[in-house]
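Number of protein chains: 2
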Amino acid sequence: MASDVRIGVVGATGAVGRITLDLLRERGYSHVRGLASARSAGKKLGDVIVEEATPATLAAGDLDLCFFSVGTATSRELVPHAVGGGALVVDKSSAYRLQEGIPLVVPEVNGHRALEHQGIVANPNCCAIPLSIALKPLHDAAGLTKVRVSTYQSVSGAGARRMEELRATPSGEGNLGMDWDFDGEEYDEETKLRTETRKILELPDLPISATCVRVPVLIGHAEAVWLETEAPLSVDDARGLIGDAPGVRLEEAPTPRDAVGIDEVLVGRIRRDEGARNGLALFLAVDNLRKGAALNAIQIAEIMLERRAVAA
Amino acid sequence: MASDVRIGVVGATGAVGRITLDLLRERGYSHVRGLASARSAGKKLGDVIVEEATPATLAAGDLDLCFFSVGTATSRELVPHAVGGGALVVDKSSAYRLQEGIPLVVPEVNGHRALEHQGIVANPNCCAIPLSIALKPLHDAAGLTKVRVSTYQSVSGAGARRMEELRATPSGEGNLGMDWDFDGEEYDEETKLRTETRKILELPDLPISATCVRVPVLIGHAEAVWLETEAPLSVDDARGLIGDAPGVRLEEAPTPRDAVGIDEVLVGRIRRDEGARNGLALFLAVDNLRKGAALNAIQIAEIMLERRAVAA
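One line per chain: the protein sequences are A and B, in this order.
The numbering of the first sequence is the working numbering, which starts it at 1 and goes up by one.
The numbering of the second sequence is the working numbering, which starts it at 1 and goes up by one.
Calculated directly from the structure, the hints in this document are not laboratory data.
Accuracy of the hints is not assured; some may be wrong.
Copies of one chain are not kept apart here, so a pair can be met inside one copy or by any two copies together.
Claimed, not checked - Below, computed lysine to aspartate or glutamate pairings styled on DMTMM-like, alpha-carbon distance capped at 20 Å: (1) 146 to 202; (2) 146 to 230; (3) 44 to 179; (4) 43 to 230; (5) 146 to 237; (6) 44 to 26; (7) 44 to 165; (8) 43 to 306; (9) 44 to 251; (10) 44 to 64.
All chains, please: the whole structure from these sequences, using the hints.
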């Protein structure tokens, strides 16, 4: 069945779009079209020839499923046309993530929410996905009460052009950066990490303090996490819970490079934080283009398709 | 007077040793000798010709002041000879940092402790120096109760050879790393950051949980810090206290590159951490070779020399 699904990848020439095309091919989907801005129309990506993503193309009714990896403004403009044309949409921008009634889904954490869609499911921020995967089993066992997280985010999270820029930067001239919109108090990336993780975990009041930092690494995000729980949780228990959780692989000290090309979130360095009654620290790494974006979106779509198949 | 002091820089060919020579020249010290391993003897560093650092050379009695930027084992072996020869020693290794009776000094924080020396003052870890400078005014005003810190440490902290390696790495192939000794629970760098900051601030029981990470940046360390205080402290008050403190410059969002060549610790992103009753978050950057090492050591030495001048 899967191979019959007619799929559109909007933003096909971007860093996440390209990985989406690769992963769809690997998974045996053969009716895949690549769409992008007029500027990229005609470009070849493997055996896909890029078409212009116009409202009319998306509304034509010949797409069953549409992945959007474009900017928030473009998603707001184009997604409704794809939905109107009858496509199921997984949107990777932040346009719909916090909208009431639109599920924000990490399949391993709240996959059932994808079934409640009304045409659109939102794919979370690349740091909120691995964070919620690592926190979920600990919350289920002991009740999360506080989270602090600092990130080490690769430039691929800022798009294909920034990857080219880093490749062109003389070695050793890399710097840290905070290249997000600032609201006077924090970066919107930090707000997203907090508000989206709360929505995914269904803990609307969970205190989450985030410091987001871009590092001169091409692919792979990492996060240093401190968490506190209601009930005590030993380091061994936490290790066992995370080791048994779906979508996670335990590693001693995971780095971005270890995570590249890997589907799972790598979690390690689980240890006690003596500063809290029930405090733990951990470190995680994820392939931000795969599980942090393209793979998670495809997994969401597969839940939506399964549901459609059952309903049909 | 200063220019008459006979100074030896042991480990002169290393990343910190070279900066030490530069800073001494800038500050008008003219009787400066560079010492290093036999392998480097004869090498020219500006107008300094490197001599071999042997026990006999150091014990000869013709040095008033000696900076050691060598490994811990070499410091343990050679420092006693320099002290025996009558030199005041500032040691930048971790050999003496936690030893009872040996001051561990950040001049802006506990400079008076340098006067209690019995020949040796230890220069702290490159991350403990800026952390204690940023925390000190907040502690004095409101009483620190907890600290959590994740680091973004440049490769120059691991030495000149690692700087060459990063320069030779193809652009975009940088990765995060944790290249310190691991004790089964944490890296020795994390233990140092906790135990040394406690000694400098004279808060032996302060809970400090650290996650240390090497980033592919040449020079400049950064730290994401969460802190809690006994008394409430507004963001504005914290900003004022840090802005008025010695050795600090307030910046909006400091990065390692901003800090390179700068004497001060750059502190920014001061904001509330809603997860704690009296919680704040901040971000700092420092030139790890200057204030994180060479400059701090010279400032220590200048306190020791002043005292000697008064005593004489």
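These are the hints, each one checked on the structure:
no., hint, result
1, 146 to 202, "within (14 Å within a copy, 28 Å between copies)"
2, 146 to 230, "both (9 Å within a copy, 19 Å between copies)"
3, 44 to 179, "neither (31 Å within a copy, 42 Å between copies)"
4, 43 to 230, "neither (54 Å within a copy, 61 Å between copies)"
5, 146 to 237, "within (18 Å within a copy, 25 Å between copies)"
6, 44 to 26, "within (18 Å within a copy, 58 Å between copies)"
7, 44 to 165, "neither (22 Å within a copy, 37 Å between copies)"
8, 43 to 306, "neither (32 Å within a copy, 71 Å between copies)"
9, 44 to 251, "neither (38 Å within a copy, 46 Å between copies)"
10, 44 to 64, "neither (23 Å within a copy, 71 Å between copies)"
Violated hints, in rising order: 3, 4, 7, 8, 9, 10; the structure is consistent with all others.
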